[in-house]
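S.K.: Each chain, letter by letter, is given below.
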Amino acid sequence: MSLALQTRPDFPILERRVNGRPLIYLDSAASSQKPRQVIEAVKLYYERSHANVHRSIHTLGEEATALLETARDSVKEFIGAEHREEIVFTRGTTDAINLVAQAVGRAFAPGDEVIVTEMEHHSNLIPWQILARDRSVKLKAVPIVAEGFLDLDAFDRLFTERTRLVALTHVSNVLGTINPVGKIVARCRRAGSLVLVDGAQAVPHLSVNVARLAPDFYVFSGHKMLGPTGIGVLYGRREVLEGLEPAWGGGEMIKEVWLDRAQWNELPWRFEPGTPPIAPAVGLGAAVEYLGKLGMERVLAHEQELTRLCLDRLGALEEVTLYGPRNPEIKGAVVAFNVKGWHPHDGAALLDQDGIAVRAGHHCAMPLMRKLGIVGTLRASFSVFNTPEEIEVLARSVANLKFQL
Amino acid sequence: MSLALQTRPDFPILERRVNGRPLIYLDSAASSQKPRQVIEAVKLYYERSHANVHRSIHTLGEEATALLETARDSVKEFIGAEHREEIVFTRGTTDAINLVAQAVGRAFAPGDEVIVTEMEHHSNLIPWQILARDRSVKLKAVPIVAEGFLDLDAFDRLFTERTRLVALTHVSNVLGTINPVGKIVARCRRAGSLVLVDGAQAVPHLSVNVARLAPDFYVFSGHKMLGPTGIGVLYGRREVLEGLEPAWGGGEMIKEVWLDRAQWNELPWRFEPGTPPIAPAVGLGAAVEYLGKLGMERVLAHEQELTRLCLDRLGALEEVTLYGPRNPEIKGAVVAFNVKGWHPHDGAALLDQDGIAVRAGHHCAMPLMRKLGIVGTLRASFSVFNTPEEIEVLARSVANLKFQL
Amino acid sequence: MAWNLSFAVTGRYHRSVLYSSVIHERFRRPRFRGELPDPDAQFEDVNPLCGDRVRMALTFGNGGIAQARFLGDSCAICTAAADILAEMVHGRAFSEAEKIGVSDLLSRLEADIRPSRIKCVTLPLQVLKGALGQVGSRT
Amino acid sequence: MAWNLSFAVTGRYHRSVLYSSVIHERFRRPRFRGELPDPDAQFEDVNPLCGDRVRMALTFGNGGIAQARFLGDSCAICTAAADILAEMVHGRAFSEAEKIGVSDLLSRLEADIRPSRIKCVTLPLQVLKGALGQVGSRT
Ligand SMILES: Cc1ncc(COP(=O)(O)O)c(C=O)c1O
Ligand SMILES: Cc1ncc(COP(=O)(O)O)c(C=O)c1O
Chain A
1 MSLALQTRPD FPILERRVNG RPLIYLDSAA SSQKPRQVIE AVKLYYERSH
51 ANVHRSIHTL GEEATALLET ARDSVKEFIG AEHREEIVFT RGTTDAINLV
101 AQAVGRAFAP GDEVIVTEME HHSNLIPWQI LARDRSVKLK AVPIVAEGFL
151 DLDAFDRLFT ERTRLVALTH VSNVLGTINP VGKIVARCRR AGSLVLVDGA
201 QAVPHLSVNV ARLAPDFYVF SGHKMLGPTG IGVLYGRREV LEGLEPAWGG
251 GEMIKEVWLD RAQWNELPWR FEPGTPPIAP AVGLGAAVEY LGKLGMERVL
301 AHEQELTRLC LDRLGALEEV TLYGPRNPEI KGAVVAFNVK GWHPHDGAAL
351 LDQDGIAVRA GHHCAMPLMR KLGIVGTLRA SFSVFNTPEE IEVLARSVAN
401 LKFQL
Chain W
1001 MSLALQTRPD FPILERRVNG RPLIYLDSAA SSQKPRQVIE AVKLYYERSH
1051 ANVHRSIHTL GEEATALLET ARDSVKEFIG AEHREEIVFT RGTTDAINLV
1101 AQAVGRAFAP GDEVIVTEME HHSNLIPWQI LARDRSVKLK AVPIVAEGFL
1151 DLDAFDRLFT ERTRLVALTH VSNVLGTINP VGKIVARCRR AGSLVLVDGA
1201 QAVPHLSVNV ARLAPDFYVF SGHKMLGPTG IGVLYGRREV LEGLEPAWGG
1251 GEMIKEVWLD RAQWNELPWR FEPGTPPIAP AVGLGAAVEY LGKLGMERVL
1301 AHEQELTRLC LDRLGALEEV TLYGPRNPEI KGAVVAFNVK GWHPHDGAAL
1351 LDQDGIAVRA GHHCAMPLMR KLGIVGTLRA SFSVFNTPEE IEVLARSVAN
1401 LKFQL
Chain C
2001 MAWNLSFAVT GRYHRSVLYS SVIHERFRRP RFRGELPDPD AQFEDVNPLC
2051 GDRVRMALTF GNGGIAQARF LGDSCAICTA AADILAEMVH GRAFSEAEKI
2101 GVSDLLSRLE ADIRPSRIKC VTLPLQVLKG ALGQVGSRT
Chain U
3001 MAWNLSFAVT GRYHRSVLYS SVIHERFRRP RFRGELPDPD AQFEDVNPLC
3051 GDRVRMALTF GNGGIAQARF LGDSCAICTA AADILAEMVH GRAFSEAEKI
3101 GVSDLLSRLE ADIRPSRIKC VTLPLQVLKG ALGQVGSRT
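Protein chains in written order, with the numbering used here: chain A, 1 to 405; chain W, 1001 to 1405; chain C, 2001 to 2139; chain U, 3001 to 3139.
One chain only, chain A, in its complex shape (with noise of 0.2 Å):
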C-alpha cells in the first residue's frame, strides 16, 4: 500500500474541505499536520496523567515524569543520539538556537568569528546577528552558487583562526539543498571549530543519525515533523553541553541555590529552566513513534516521488520558474516557484480558492530573496500523506493562474 493511503486515515484534518474544495495541504514545511496518535497522546496525557515533572512523589508526578523522560529517550532513538543526557527539549528550533548562541557565545571575544550561509532561515540568522551586536563578534556568510549550492571554495576562504563556530542548515526551506554537512563538520572538528547543524527540515524528511554526522549542535522543531507546537530539540554532544555555562536559569535546571549563587543540575536538564513543554514532548514522542514505524527511509522515498512530480509537472508550464536543485535526490520535500505575472501572495491566495494550501513570500529568508533578485515565492512542501493526484491538481490550479491575469 502506498504511504499515503496507509497514513491518511491517521490525519483528521484531511477531512476538512477548503472553499468547498477537499483541502489539499502542501504546506507541511512551515508546519505539518498532526496524525491521531499524537493528538491522542496530549489529550490522553492531560485526561490521565498530567502533573509537574522531576520534583513529585506523588503517582501523577512520577507518571508525567516517565512519560516526560520516555519521549526524550524516543527521540534519542530516533535521531541516533548516544546519550540522552544529550536531548535538550526546548521550545522549538529558534529557542534551541538562541540556547546555543547565548551559551556558547559567552565565551567569545571581540573579534571571534561566526559563519553562516546566505540560504540560513532567519531563526540561524537572527541570533548571531544579536551576539554578534552584544559581543563584537564578525558574522560571515557563505555564499550560493549556480541552482542554489553552497560555495565550499569561499567556505574555505572565509574559515580563519578566529572562526569560533559554523552555523548552517541541513536542508533549505526554500531551496531544498541538502548541504553536505559531514564534510563540514569534519572541516570545523578539524579546525577546532565548534558547528551547529539547524535541522528544521532534515528530520521531517532524511533518516539522520547525529552520532554518525556528529555536529556540536544539531536544532529542530516538533511541530515539522508531526509532532504539536511549542516543542523542539537542542541535540548536544555530551561534551560539549558538559562544557557549557547555562545563559539561563530557573526551576529544573539547578541542584542547590543561595541567594547569590546557585550550582547547576546534571544534563540535560541544567539547559532547561522552568516547567517544560510536558504536553507537547510527550506528542512529540508520539510523533516520533509514528515516523519510526512508517520508516524514514519509506517517508523519504514517497516525498521524493512526491518532489520529482511536482518539479516536472511545475517546470513544464511556461509560466513557472523553480528554484532550487531539480533533482529530487539531492532535495529536500519542497518545490519553490513563481509563476508570472503573480505575486505569491496572490498566487497563493487564488490556489487557496481551489482548496490548495501553499506558502507565499520569503519564507524568512529575506538575504536569499535578495540573492535571488525576488520579493517571494510560492512554496509547495510535502509530508507523508500527500498524493501525486493532488500534484496534479496543484499543477492544474497554476495552470489556469494565467486565465485570471
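Keep in mind that the hints were calculated from the coordinates and are not lab data. Predicted model only: the values in this text are computed from it and were never measured. Incorrect hints may appear among the rest.
[Claimed, not checked] Keeping only pairs whose Cα atoms sit at most 27 Å apart, straight-line, the calculated DSS-like set for lysine-lysine is:
hint	chain 1	residue 1	chain 2	residue 2
1	U	LYS3099	W	LYS1402
2	W	LYS1138	A	LYS255
3	C	LYS2119	W	LYS1255
4	C	LYS2119	A	LYS340
5	A	LYS371	C	LYS2119
6	W	LYS1371	A	LYS43
7	W	LYS1340	A	LYS255
8	U	LYS3129	W	LYS1371
9	A	LYS183	A	LYS140
10	U	LYS3099	A	LYS340
11	C	LYS2099	W	LYS1183
12	A	LYS371	W	LYS1255
13	A	LYS340	W	LYS1255
14	A	LYS255	W	LYS1371
15	C	LYS2129	A	LYS402
16	A	LYS138	W	LYS1255
17	U	LYS3119	W	LYS1340
18	W	LYS1255	A	LYS255
19	A	LYS140	W	LYS1255
20	W	LYS1043	W	LYS1402
21	W	LYS1293	W	LYS1138
22	U	LYS3119	A	LYS255
23	A	LYS293	W	LYS1043
24	U	LYS3119	U	LYS3099
25	W	LYS1140	A	LYS43
26	W	LYS1293	W	LYS1140
For this one, chain A is given, so just place chains W, C and U with the ligands on it according to the hints.
M.R.: Same frame as chain A, now just chains W, C and U with the ligands:
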C-alpha cells in the same frame, strides 16, 4: 451550587483512582489539572485548524492565526491589560523572566542593582544571578520577617540610586503570602526603577488587573491556571516594551532582514521569535474563558474557604508545623507544613498511598528553606474542583502518619 | 482592538469576493504608479508579513497635495490600495488627506479583505501618513 | 540507559511495598550514622531533586576501609541506603567497596524503589565513590 460540584465533572482526571483510592489532587500550585474545555480546544485546533501562523495566505493559516491572536485578546481581557501589544506569549513564567532579564539587563552597567526577595522561586532568582554574573550587577534580597512577610523597612534601606529593577513574587508559592505589590510598584515608579512581578501563583487565584497594578512587567504560566503546558505570558507596559531591544532572535520577530542586520517587527511579535506554541496558546485562551465564566471572585472565595479549613484542621494536630500567614484572606491557595518525625518526601509518599497528591521538598525556594531552617515542607494547594471533604481526608491521613512512625 | 475571528468559524469564501474587479483593474493598470521627480515629501515602509515595500511621493501646492505617486513591487491588494489612495489624495487639502482611514480604502476596494491581508491595505496608508508627517518640516 | 516506565501504565502500588521493614528499621535506628573524628577521606553531595545532603566519612587501614560513617538530614530511603552502604564497606578492602553497585543496594533495601526516588538510593553511593576517589591522594 458549590464551585467544586459545578466544576468537578469538567476535569476528566478526577475519574482516576490512585492506589485504589479516588485521586485527591492537592498540587495545583505546582501544576493545575485541565478542564475538558481546554483539552478539547487543543484537540479541535489540531483536528481542524492547524497551520503555521502570521505568514500564511491560505485558509488554515488564517484560522490558526486568528485563534492564536484571539487567545491573546482573551488573556489581555482576563488580566485587564490596556493593549494587546502588551501581551507577549512565552513558554512560561521562567521563560518570561529570562526574557526580561536579558533584554532589560543589556542596558545595565556594572554596579547597577537588582532587588529580589528571600521568598522568590528559583525562577525569579537565577535569571538575576546570571545577569549579576554576566554584567557585574549587584543582587540584593529583601528579608522576610515573622510568619513570612516582606520586611518593607529593609526594602527601603536596600533601595538605592543604583537600583534599576525590583523583581518580586505577587504570591509566595510556599508561604502563600500575598505581597503588597501595589505599594512596591508605586515606590519603584517614584524612584525610577523598573519592577517585575511574578504572578505565577496569583493569576490562578486572584482577580489581577495589571492596568491598575501598573507594574512594568507581570509574568505567569498557563499550566498553573488550568491551561496547557508550554505556554506563559509576559505582560509588559507598552512604553517599556517599545523601548526594549530584543535579546532573542528568529523568524516572526523581524520586519526586514539583511545578512548583517535586521529591523524588528512591531509589538508584541518583536519578542516572540520562532513559531509560537500555537496549540498551548489556544488552550490558554480556553482556560482563561473558563475561569472568566466562573468568575475570579468566586474562585477566590472558594479557595480561601479551603485554605481556612486546611489551616484549621492541620493546625489542630500537635505534630504538624505550619508555615506562612495563618489568615487565609491574606494568603494564596497553598498550605505548607511539616509532620514531626517525617521527612517531607516520606510524608508525601505515604499520603500518595491514600490517593492524595501533595508536593514535598524545597518547592524551588531553597534560600527560603534555609531561612526557615528546614530542608523542605509538604504543601497542599487548591483549585476550583477541590472540596472540603478532600481536606478532611488529608487531615485524617496526616494524623495517621504518626502511627506509621 | 480585538482580532477579527469572524471567518475562522466557517472558513468559507467565494472566489468572486476574493479580488473585486476594482482590485483586478487597479493591479493590472495602476494609474498613479510611477516616479515623481523632485517630490516635496516621500516615505517608504515595509510590510512585516511579506517584506513588500511601498513608497509614496508627494508634491505640495495650494495648502494641499498637488501630486501623488507610488512605487512598489507588491501584491494585487497592496498595489490597488496604493493606487486608489494616491488618487484619493491627489489634488486634495492636507486636512482632507489626513482624514482618510482604512474603512474608506476598504469600501473603495469593494472586496472583503481577509485579516491575513489587511496589512496590504494599511501599509500604503501608513506610508502616506509618514509622508504627510513631513509637511511640517517643509512648509 | 532508558527511563523506567514500568509503573506508569497502572500506577498501582501497595502500601506494603512502599517502605520495607529494612528501610523502616534503618531509618528509625541507623547504625552507622554519626561523626567520624579525623577521617582519612570524606565527601558530600546533594540530591538535585530535593536538596538533601549526605556526607560519608571513612578511615583507612590494612589496604581497605577501617570505619565508615554517614551524616545527612535525608528521607527514609536515603538514610537507609546510606546506613546499609556504610555497613557494607565498613572493614572491607577498597577493591570490594568499589564494586558495590545500585543493584546491590536495592536488593539489600528489600523494596521496589520508584523511579522518582531512585536518586535517594544512588546519592549515598555517589558520595562513597567520591570519598574513595580520595584514596589515591591519601595512600
Ligand atoms: C512563584 C513562582 N514563580 C515561578 C514559577 C515557575 O513557573 P514555570 O515553571 O511555569 O516557568 C513558579 C512555579 O513553579 C512559581 O510558583
Ligand atoms: C530551516 C529552518 N530553520 C528554522 C526554522 C524555525 O523553526 P521554528 O519556527 O519552529 O523555531 C524553520 C521553520 O520555520 C526552518 O525551516
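S.K.: Indicate, hint by hint, whether the structure satisfies it.
M.R.: Status of the hints after comparison with the structure:
no., hint, verdict
1, U:LYS3099 / W:LYS1402, "38 Å, violated"
2, W:LYS1138 / A:LYS255, "23 Å, holds"
3, C:LYS2119 / W:LYS1255, "13 Å, holds"
4, C:LYS2119 / A:LYS340, "24 Å, holds"
5, A:LYS371 / C:LYS2119, "25 Å, holds"
6, W:LYS1371 / A:LYS43, "41 Å, violated"
7, W:LYS1340 / A:LYS255, "26 Å, holds"
8, U:LYS3129 / W:LYS1371, "31 Å, violated"
9, A:LYS183 / A:LYS140, "19 Å, holds"
10, U:LYS3099 / A:LYS340, "74 Å, violated"
11, C:LYS2099 / W:LYS1183, "43 Å, violated"
12, A:LYS371 / W:LYS1255, "18 Å, holds"
13, A:LYS340 / W:LYS1255, "26 Å, holds"
14, A:LYS255 / W:LYS1371, "18 Å, holds"
15, C:LYS2129 / A:LYS402, "36 Å, violated"
16, A:LYS138 / W:LYS1255, "23 Å, holds"
17, U:LYS3119 / W:LYS1340, "24 Å, holds"
18, W:LYS1255 / A:LYS255, "41 Å, violated"
19, A:LYS140 / W:LYS1255, "21 Å, holds"
20, W:LYS1043 / W:LYS1402, "45 Å, violated"
21, W:LYS1293 / W:LYS1138, "44 Å, violated"
22, U:LYS3119 / A:LYS255, "13 Å, holds"
23, A:LYS293 / W:LYS1043, "23 Å, holds"
24, U:LYS3119 / U:LYS3099, "19 Å, holds"
25, W:LYS1140 / A:LYS43, "43 Å, violated"
26, W:LYS1293 / W:LYS1140, "41 Å, violated"
Violation of the numbered hints given earlier is confined to hints 1, 6, 8, 10, 11, 15, 18, 20, 21, 25 and 26; the remaining hints are satisfied by the structure.
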